[in-house]
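Chains as they are written, first to last, in numbering that gives the first Met the number 0: chain U, 0 to 406; chain Z, 0 to 406.
Since the hints were made in silico from the structure, they are not lab data.
Fair warning: there could be bad hints in the mix.
The list makes no distinction among identical chains, and a pair is therefore deemed to hold if it is satisfied within one copy or across any two copies.
Derived pair list, reagent style DSS-like, types lysine-lysine, alpha-carbon separation capped at 27 Å [stated by the list, open to error]:
(1) 186 / 258
(2) 57 / 26
(3) 281 / 304
(4) 57 / 122
(5) 101 / 118
(6) 304 / 101
(7) 351 / 406
(8) 32 / 118
What you are looking at is a predicted structure, and each value in this text was computed from that prediction instead of being measured.
What follows is the residue order along each chain.
Protein chains: 2
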Amino acid sequence: MLIVQKYGGTSVGTLERIQNVANRVAKARDEGKDLVVVVSAMSGETNKLIEYAHFFSKNPIKREMDILLSSGERVTAALLSIALNEMGYKAIALTGRQAGIKTDTAHTIARIESIDTSKIQEKIQDGNIVIVAGFQGINDKGEVTTLGRGGSDLSAVALAGALKADACEIYSDVDGVYTTDPRIEPKARKLDFISYDEMLELSSLGAKVLQNRSVELAKKMGVTIVAKSSFTDAPGTIISEAKEDKMEEVLVSGVALDKNQARITLRGVEDRPGIAAEIFKKLADENINIDMIIQNASEDKDGVKKTNLGFTVAQNQLEDAKNVIQNFNQEIGSVDFDENVAKVSIVGVGMKSHSGVAATAFEALAKNNINIEMISTSEIKISMIIDEKYGELAVRVLHDAYGLDKK
Amino acid sequence: MLIVQKYGGTSVGTLERIQNVANRVAKARDEGKDLVVVVSAMSGETNKLIEYAHFFSKNPIKREMDILLSSGERVTAALLSIALNEMGYKAIALTGRQAGIKTDTAHTIARIESIDTSKIQEKIQDGNIVIVAGFQGINDKGEVTTLGRGGSDLSAVALAGALKADACEIYSDVDGVYTTDPRIEPKARKLDFISYDEMLELSSLGAKVLQNRSVELAKKMGVTIVAKSSFTDAPGTIISEAKEDKMEEVLVSGVALDKNQARITLRGVEDRPGIAAEIFKKLADENINIDMIIQNASEDKDGVKKTNLGFTVAQNQLEDAKNVIQNFNQEIGSVDFDENVAKVSIVGVGMKSHSGVAATAFEALAKNNINIEMISTSEIKISMIIDEKYGELAVRVLHDAYGLDKK
Chain U
0 MLIVQKYGGT
10 SVGTLERIQN
20 VANRVAKARD
30 EGKDLVVVVS
40 AMSGETNKLI
50 EYAHFFSKNP
60 IKREMDILLS
70 SGERVTAALL
80 SIALNEMGYK
90 AIALTGRQAG
100 IKTDTAHTIA
110 RIESIDTSKI
120 QEKIQDGNIV
130 IVAGFQGIND
140 KGEVTTLGRG
150 GSDLSAVALA
160 GALKADACEI
170 YSDVDGVYTT
180 DPRIEPKARK
190 LDFISYDEML
200 ELSSLGAKVL
210 QNRSVELAKK
220 MGVTIVAKSS
230 FTDAPGTIIS
240 EAKEDKMEEV
250 LVSGVALDKN
260 QARITLRGVE
270 DRPGIAAEIF
280 KKLADENINI
290 DMIIQNASED
300 KDGVKKTNLG
310 FTVAQNQLED
320 AKNVIQNFNQ
330 EIGSVDFDEN
340 VAKVSIVGVG
350 MKSHSGVAAT
360 AFEALAKNNI
370 NIEMISTSEI
380 KISMIIDEKY
390 GELAVRVLHD
400 AYGLDKK
Chain Z
0 MLIVQKYGGT
10 SVGTLERIQN
20 VANRVAKARD
30 EGKDLVVVVS
40 AMSGETNKLI
50 EYAHFFSKNP
60 IKREMDILLS
70 SGERVTAALL
80 SIALNEMGYK
90 AIALTGRQAG
100 IKTDTAHTIA
110 RIESIDTSKI
120 QEKIQDGNIV
130 IVAGFQGIND
140 KGEVTTLGRG
150 GSDLSAVALA
160 GALKADACEI
170 YSDVDGVYTT
180 DPRIEPKARK
190 LDFISYDEML
200 ELSSLGAKVL
210 QNRSVELAKK
220 MGVTIVAKSS
230 FTDAPGTIIS
240 EAKEDKMEEV
250 LVSGVALDKN
260 QARITLRGVE
270 DRPGIAAEIF
280 KKLADENINI
290 DMIIQNASED
300 KDGVKKTNLG
310 FTVAQNQLED
320 AKNVIQNFNQ
330 EIGSVDFDEN
340 VAKVSIVGVG
350 MKSHSGVAAT
360 AFEALAKNNI
370 NIEMISTSEI
380 KISMIIDEKY
390 GELAVRVLHD
400 AYGLDKK
């Protein structure tokens, strides 16, 4: 059995913790597993190096940033290998280049193009635990590249895919994916299983266990991810393709809360073709990300068709959005801004095949006098904009309504 | 004109100092020079990484040490390149691999076998200042190797040789090679010039400006070294082939003191063939380095030929040496140990062609009642073992006797 394990910055944040990781790796080896272990830089190292670079330049040249930043993972990989060899295990540290990770030329945000696994496979065959410096590769000119934030997860998933590993275990300081944030709802339950699609929705809603790029790649390559804690022996959460039989059982997998939302409502917008597109294009030009959009059916007013257009942006982009919208003053009746809103979402593949899921949510919130200001739905997600002060309550109410604390 | 510059750990020890180095490099560039700049790790970094490794193992696996230790120079190279680019100079950082430095497979003490300069030359032709991470290369299997302590000097000299550079400037926190240690003799004078051979003698006598390996390589490849300070604009010391006309002028270039000496005298050693060889072989087997050796002419005693055998070792090896010598008790009359000795040496290519150089030293010491216990001479060096407490006085006396404070 071949397992790819990945240990994040917190898991290797001190020398003691690296020794702890070595012990865990050794235990898995004792169980007879073949292992490829991907490591991040010790926590704080990458930020320290970025600060160093910013001492010299606000916008440091990206090719050099990659040589700079790739050093942190090399240090961890070497140290873990030294620890394992000292414990009597055969282990070898490989840099991104040595691990055969080939990327495109986009320095600091490179994409993995291919992996030549021959060296890794040879080293496994020789009985080695292979330790790989995450987050890095080389392009076809031999230049060092890095994969961007969360890049070590990406290295691990890509290696697991290329090596056809039985699983990719991602270790961090949380022990899996929860039905919701346990700080909001103490009854939150760790999920044994979640599908790629649900995980993608939860990640984009702020769950920090895994980055979307890694989940997308895992889905594409069919890699089963197991999200685990490096500090406990809890079994973690399996992230994989939705299983048909599971769909029948589970309607909703999780509830997420995003308080970083601001609502903008444009009232009395002229309902001529392209006006919404024009507004949103201008917002996009300013790099303002629109999240939810609601357009009401238009009404006839004074012989002109007019409509209301509502959308949400991240709170720190509200000022920029206001500036853009001022340019459309003539075509808009009035504008409302509301920073005190939150987005609460329920996610679950079971929704696809079950009616009445949304009704349960609306009913539960209504029963608690929580007014829903906007609604947006996808096949596996329902998001609702509500008054910010009811955010945590709404999470608990929905968590309860779908019985998420029970298996 | 192509110059290779090398900046040591102290010269790049802080971000401010790296900026200072960037300013110096920029100034040389403004003067129209083509530049290859070799950098060490920031001072303290390499030792920190070694401590990290020793947390896991007393004797960390060497291949992994090279991946670990090579990271420090990469950081400095990237930061210096970022600084220069920010200042508007075209610069590019290269790792040891990218700079084409090929070594043998002796991890942590690798020797440079060849340098493929094509990438460096291409980058110079494109108008770049080329920054090279010192101390590292790769072997023919693509493994990362390091060159041992002082390895960045070696990188610089080897690059200067391979690129046929006009000079190799080695920057540190001292501004050149002195006639003696200025802390002992305030009248010590910085030398404008010293020959490779003299420098080799001075290095092995403890002068810390340059390591022997680098001077040897410079001599072999005909590279002119200039030892300079990165903190001043002083012109430094040129280290090159001895010039015939200079030999006539300068008898002695420097005086060195080594207080880390212990003298061992074996009295009444049986003068049979091979006995000295046997003793020294046993000492060598225990990795004890013998420095000076003096054997007196043998005397006839009670019908057996006996001799006295004196030699010196480093003080921290005296105990080990004692243990070895005990095994020869039967063949030795008595043994004397003396830790309170020092070695004072004068070095100069002029000695070769001038008689009376040694006499001047003996006379000067005698005049100051300093007794010489042992003497050893080479073509360009005279070393004398004296009572340790007279060490500093002897340096000043000899410095004066040869007029070293005057040009």
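Hints versus structure:
{"no.": "1", "hint": "186 / 258", "in the structure": "within (21 Å within a copy, 73 Å between copies)"}
{"no.": "2", "hint": "57 / 26", "in the structure": "between (45 Å within a copy, 23 Å between copies)"}
{"no.": "3", "hint": "281 / 304", "in the structure": "within (23 Å within a copy, 105 Å between copies)"}
{"no.": "4", "hint": "57 / 122", "in the structure": "between (42 Å within a copy, 25 Å between copies)"}
{"no.": "5", "hint": "101 / 118", "in the structure": "both (13 Å within a copy, 20 Å between copies)"}
{"no.": "6", "hint": "304 / 101", "in the structure": "neither (55 Å within a copy, 75 Å between copies)"}
{"no.": "7", "hint": "351 / 406", "in the structure": "within (20 Å within a copy, 93 Å between copies)"}
{"no.": "8", "hint": "32 / 118", "in the structure": "within (18 Å within a copy, 42 Å between copies)"}
When held up to the earlier numbered hints, the structure conflicts with hint 6 and nothing else.
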